[in-house]
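Protein chains in written order, with the numbering used here: chain F, 1 to 109; chain C, 1 to 115.
Errors might be hidden in some of the hints.
With a cut-off of at most 30 Å between alpha-carbon atoms, the simulated BS3-like pairs for lysine-lysine come out as follows [as the list claims (entries may be wrong)]: (1) Lys-37/F to Lys-78/C; (2) Lys-103/C to Lys-71/F; (3) Lys-54/F to Lys-68/C; (4) Lys-78/C to Lys-103/C; (5) Lys-68/C to Lys-103/C; (6) Lys-78/C to Lys-24/C; (7) Lys-103/C to Lys-37/F; (8) Lys-56/F to Lys-37/F; (9) Lys-68/F to Lys-68/C; (10) Lys-68/C to Lys-37/F; (11) Lys-5/F to Lys-37/F; (12) Lys-56/F to Lys-103/C; (13) Lys-56/F to Lys-5/F; (14) Lys-68/F to Lys-78/C; (15) Lys-71/F to Lys-68/C; (16) Lys-71/F to Lys-5/F; (17) Lys-24/C to Lys-68/C.
It should be emphasised that the hints constitute simulated quantities derived from the structure, not laboratory data.
In this text, all values refer to a predicted model and were calculated from it rather than measured experimentally.
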Amino acid sequence: DQQVKQNSPSLSVQEGRISILNCDYTNSMFDYFLWYKKYPAEGPTFLISISSIKDKNEDGRFTVFLNKSAKHLSLHIVPSQPGDSAVYFCAAKGNQFYFGTGTSLTVIP
Amino acid sequence: DAGVIQSPRHEVTEMGQEVTLRCKPISGHNSLFWYRQTMMRGLELLIYFNNNVPIDDSGMPEDRFSAKMPNASFSTLKIQPSEPRDSAVYFCASSLGRATNEKLFFGSGTQLSVL
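This is chain C alone, in the form it adopts within the complex (with noise of 0.2 Å):
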């Protein structure tokens, strides 16, 4: 299995720009989560699907971020309008969703610059 695959790799945009984050899931796997690294809150959930369909979304910074999953082998994460704040690295997750021992796989993330 290719793991969880995260695109792209780095990202440079200017201030107000539209940023949009992609995340495949490995295959199987029911629940997809979106963390947002930082130095001061280290991996921070922004939101999470189970079955496609979003279940917490509390830590969506706000309304500029928004987050979809049309189907269970792809989300986006998108920033509009991007602001200098949002530069950090975010990850996408997944795991099968069904147990309470299970453990999370993470993509190797996106490093977002807003400049």
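Just chain F, with the same shape it has in the complex (with noise of 0.2 Å):
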């Protein structure tokens, strides 16, 4: 059973404007939630994180938010470049670290 779920396959979006991935969980007692970026070949690689006890991150053109009443965090990425073409997961921190299935990002130049 999916703890942390992304339901956006994939996403397309023009260089320059916003892209917004998001990720929905089910588990109230989650503490910290993370974002990865996975290349093709590669490991997936540490690119943000929220604690439970905020609302907002911020680390350059990358914005994590989340909204606790509704179990739902969101990455924002602005402006999109072409290198931020990836998939992205989302994860949430209980006991063990709870993976989504990821959404495909197609920024297009």
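Relying on the hints, combine the two individually framed chains into one complex.
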């Protein structure tokens, strides 16, 4: 049973525009959330995270928003660049790390 | 630091053969995780170790899968006998294993193809 869900398998965005990737979770006990980025033939790499005591964390072009009441988080990338094209995994930490199925982002030049 | 090191990068084998995947975690990390990436389930946790002890192996698909961590710097994931449905990318990851707000570091993965 998927405790972390990414309902959009893919997303295409024009260069310079905003990319918004969404993630939902089911367990209210999760206390830390992460986004990972994965290029083909490479392992996932850490991108940004947020603690459950916050509702926003920003790092350069990347911002993660957490809505605990809705059990929803999102990753905003502004402005999107072609190099951002990758698969993005949402993860939640409880007693272990739970990952979503990923969203493949394509940024069109 | 070299990061998490996995070998081999690619493995092609025939159904029924034994397959062994290897992982060296980051030095000083106390937790090690084995994941399998599939289209349907994304990154699926198979098993994880803390201080070389298996903590949760509920994700191991069946008895054909086994994992060991004989010391803090080495782990193996074995499939015996292998089946075509085992074809996937297998990732090893490690973490400090001490804090709530910590992150996982992944290896480059092993692409397994069972013919």
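Okay, which hints does this one fail, numbers in order? Those not satisfied are hints 3, 9, 14, 15.
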